[in-house]
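Engineer: So the chains spell out like this:
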Amino acid sequence: MDKIYITAASQASPGDARAAQFGARFGRLDLASQLALMAVESLGIDFDELPRERVGICLASRDGSLAADCEYWRGRGAAGGPSPALFVYTLPSAAIGELAIRHRLTGPSLCLVGPGSVLTEAADWLRRGEVEACLCVECRVITPALGEMIGSPPDAAAFALFLRRGGWRALEENERDMERLCAAFSAHTAAS
Amino acid sequence: MQVIVMDNLLNELKASIIESLRLENITPAQIADDSPLFGGGLGLDSIDALELVVMLEQKYGIVIKDIEEGRPAFKSVRTLADFIQARRSPK
Numbered sequence: 025m026d027k028i029y030i031t032a033a034s035q036a037s038p039g040d041a042r043a044a045q046f047g048a049r050f051g052r053l054d055l056a057s058q059l060a061l062m063a064v065e066s067l068g069i070d071f072d073e074l075p076r077e078r079v080g081i082c083l084a085s086r087d088g089s090l091a092a093d094c095e096y097w098r099g100r101g102a103a104g105g106p107s108p109a110l111f112v113y114t115l116p117s118a119a120i121g122e123l124a125i126r127h128r129l130t131g132p133s134l135c136l137v138g139p140g141s142v143l144t145e146a147a148d149w150l151r152r153g154e155v156e157a158c159l160c161v162e163c164r165v166i167t168p169a170l171g172e173m174i175g176s177p178p179d180a181a182a183f184a185l186f187l188r189r190g191g192w193r194a195l196e197e198n199e200r201d202m203e204r205l206c207a208a209f210s211a212h213t214a215a216s
Numbered sequence: 505m506q507v508i509v510m511d512n513l514l515n516e517l518k519a520s521i522i523e524s525l526r527l528e529n530i531t532p533a534q535i536a537d538d539s540p541l542f543g544g545g546l547g548l549d550s551i552d553a554l555e556l557v558v559m560l561e562q563k564y565g566i567v568i569k570d571i572e573e574g575r576p577a578f579k580s581v582r583t584l585a586d587f588i589q590a591r592r593s594p595k
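So the sequence lines, in the order shown, correspond to chains A and B. First residue of the first sequence: 25, per my numbering; consecutive thereafter. First residue of the second sequence: 505, per my numbering; consecutive thereafter.
No lab work stands behind these hints: they were computed from the structure. Warning: the hint list may mix true and false statements.
To be verified - Covered stretches of chain A (in silico footprint by chain B; criterion: 3 or more residues with CB under 8 Å from a CB of chain B, positions within the stretch not fixed):
{"no.": "1", "region": "50-60"}
{"no.": "2", "region": "97-107"}
As the list claims (entries may be wrong) - Chain B regions said to be covered by chain A (calculated; three or more residues, Cβ under 8 Å):
{"no.": "3", "region": "518-532"}
{"no.": "4", "region": "538-552"}
Ideal Cβ placement from N, Cα and C applies to all residues, glycine included.
So here's chain A without its partners, still in its complex pose (with noise of 0.2 Å):
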């Protein structure tokens, strides 16, 4: 079976200091859509040499849109209603719609919700041509709030990886762990 590569790895976590890179509009977005943006952002990727339409993006959104979903919620009773911005992330793949604004990507995308990962799907969009690279991201957001309600503790990072034909190393076949390869990415770098 063909090969994929993983090229570059990240993760973010809240309170990260290049949450400052974002501009004035970075605050309006979900925690998770901050998240996913700010990993992606750390993979250092220049989209400009990859034609945009030929770049997917899957996404494992753990928790799915539950934070905002239960902020959105609590603010059922305010005079007004709830808040309009925070509707729009009441969809687990609000963060596929940034990234991709973000960084103009066309390309097909997919959302994942629950605890599965998307790196076989990135890799057979690889393996049959339908993509030329893959930027896969994993989101895992569980604020006080919700946590309060599902008896969870708080939780809150997103890593991501990037997949194509060559790179730093190639992926295995029952590779599953993105915190994991993300970790063994940084190693590598800071190693050399």
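Could you slot chain B onto chain A? The hints should help.
Structural biologist: Chain B alone, transformed into the frame defined by chain A:
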């Protein structure tokens, strides 16, 4: 006295806009009284317009039911302040 009231309202409105639209790294002093709110430097869009309608109801108790009625008010911070003043004044 009327001038002071208006100045206070303009400053309060700018702070409310920044807060409700979650504008980052922008201070009230950076928003000019007469600059266009939409299509200008703040980069506001239709979702922001809806957010401002909600802000007016929450903060000033002003309900805009017809967007056409509110459209002229959203031209600038000053037109918005004038709109609030007019709605507050006894008829």
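Engineer: Against each hint, give a clear statement of whether it holds in the structure.
Structural biologist: Hints, verified against the model:
1. 50-60: With 3 residues in contact (Cβ-Cβ under 8 Å with chain B), the coverage given for the region 50-60 of chain A holds.
2. 97-107: Holds, because 5 residues of the region 97-107 of chain A bring their Cβ atoms closer than 8 Å to Cβ atoms of chain B.
3. 518-532: Coverage by chain A holds for the region 518-532 of chain B (6 residues, Cβ < 8 Å).
4. 538-552: holds (count 4)
The structure fails none of the hints (numbered hints given earlier).
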